[in-house]
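**Q** Here's the letter readout for the chains.
2 protein chains.
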Amino acid sequence: MTQKPNDVIFIGNKPPMSYVLAIITAFSSNQKEVTLKARGQAITTTVDVAEITRNRFLKDLKVTKIAIGTAEMPPREGESKSRMVSTIEITLNKG
Amino acid sequence: MTQKPNDVIFIGNKPPMSYVLAIITAFSSNQKEVTLKARGQAITTTVDVAEITRNRFLKDLKVTKIAIGTAEMPPREGESKSRMVSTIEITLNKG
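Protein chains in written order, with the numbering used here: chain F, 57 to 151; chain H, 57 to 151.
Just so you know, the hints here were simulated from the structure itself, not pulled from any lab data. Any given hint might turn out to be false.
All copies of an identical chain are treated as equivalent in the list; a pair is satisfied when it fits inside any one copy or across any two copies.
[As the list claims (entries may be wrong)] Calculated pairs, DMTMM-like style, for lysine to aspartate or glutamate (alpha carbon to alpha carbon, straight line, at most 25 angstroms): (1) 150 - 135; (2) 118 - 133; (3) 115 - 145; (4) 118 - 135; (5) 137 - 89; (6) 93 - 145; (7) 118 - 128; (8) 115 - 133; (9) 115 - 128; (10) 88 - 133; (11) 150 - 133; (12) 88 - 135; (13) 121 - 133; (14) 137 - 63; (15) 121 - 135; (16) 121 - 89; (17) 93 - 63; (18) 115 - 135; (19) 150 - 63.
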């Protein structure tokens, strides 16, 4: 199986541990780098997930990049304007 | 008045615009660098505050540093164990 150089995991509103497990799985199948991406309220979960993974499970992981940004979301049902939402990307590397 | 080289603003649960105003005030009194610090749910607010300030008000601001970490919080009333909470620091620089 060919390995992608960088695996991307989108963080949503599942419990943090399910994302932690996804990261551990990615690294244990020889992935060198995993990027977590999230927007809105899931930003806090993303930081939690990165910290739990590094502190409790994969202590050799390094945070090699953190980027923040803004994305435009289409208007919700019944609204006319699109909304701006903050985004985050955290890249973890096992070196 | 002597200017501190780096002003720190702690982000909590006030509306984002009140922190945006605090940042604008700091930079307009000749501050070169402002660091936003937060923990827990306020992490998302912190990213919002940084993005709103940069996109709408002070377009020459650069994000020069983003760091994440974990802090230990004392146990709440009626609990016996301390809790771990994620933290973020975002440094804005006007160059």
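**Q** Evaluate each hint against the coordinates.
**A** Checked hints:
no.: 1; hint: 150 - 135; verdict: neither (44 angstroms within a copy, 36 angstroms between copies)
no.: 2; hint: 118 - 133; verdict: neither (41 angstroms within a copy, 35 angstroms between copies)
no.: 3; hint: 115 - 145; verdict: both (20 angstroms within a copy, 21 angstroms between copies)
no.: 4; hint: 118 - 135; verdict: neither (42 angstroms within a copy, 33 angstroms between copies)
no.: 5; hint: 137 - 89; verdict: neither (37 angstroms within a copy, 34 angstroms between copies)
no.: 6; hint: 93 - 145; verdict: both (5 angstroms within a copy, 18 angstroms between copies)
no.: 7; hint: 118 - 128; verdict: between (30 angstroms within a copy, 21 angstroms between copies)
no.: 8; hint: 115 - 133; verdict: neither (44 angstroms within a copy, 32 angstroms between copies)
no.: 9; hint: 115 - 128; verdict: between (35 angstroms within a copy, 18 angstroms between copies)
no.: 10; hint: 88 - 133; verdict: neither (41 angstroms within a copy, 43 angstroms between copies)
no.: 11; hint: 150 - 133; verdict: neither (42 angstroms within a copy, 39 angstroms between copies)
no.: 12; hint: 88 - 135; verdict: neither (42 angstroms within a copy, 39 angstroms between copies)
no.: 13; hint: 121 - 133; verdict: neither (35 angstroms within a copy, 37 angstroms between copies)
no.: 14; hint: 137 - 63; verdict: neither (33 angstroms within a copy, 35 angstroms between copies)
no.: 15; hint: 121 - 135; verdict: neither (35 angstroms within a copy, 36 angstroms between copies)
no.: 16; hint: 121 - 89; verdict: both (11 angstroms within a copy, 21 angstroms between copies)
no.: 17; hint: 93 - 63; verdict: within (11 angstroms within a copy, 29 angstroms between copies)
no.: 18; hint: 115 - 135; verdict: neither (45 angstroms within a copy, 28 angstroms between copies)
no.: 19; hint: 150 - 63; verdict: within (12 angstroms within a copy, 34 angstroms between copies)
Of the numbered hints given earlier, the model fails hints 1, 2, 4, 5, 8, 10, 11, 12, 13, 14, 15 and 18; all others are met.
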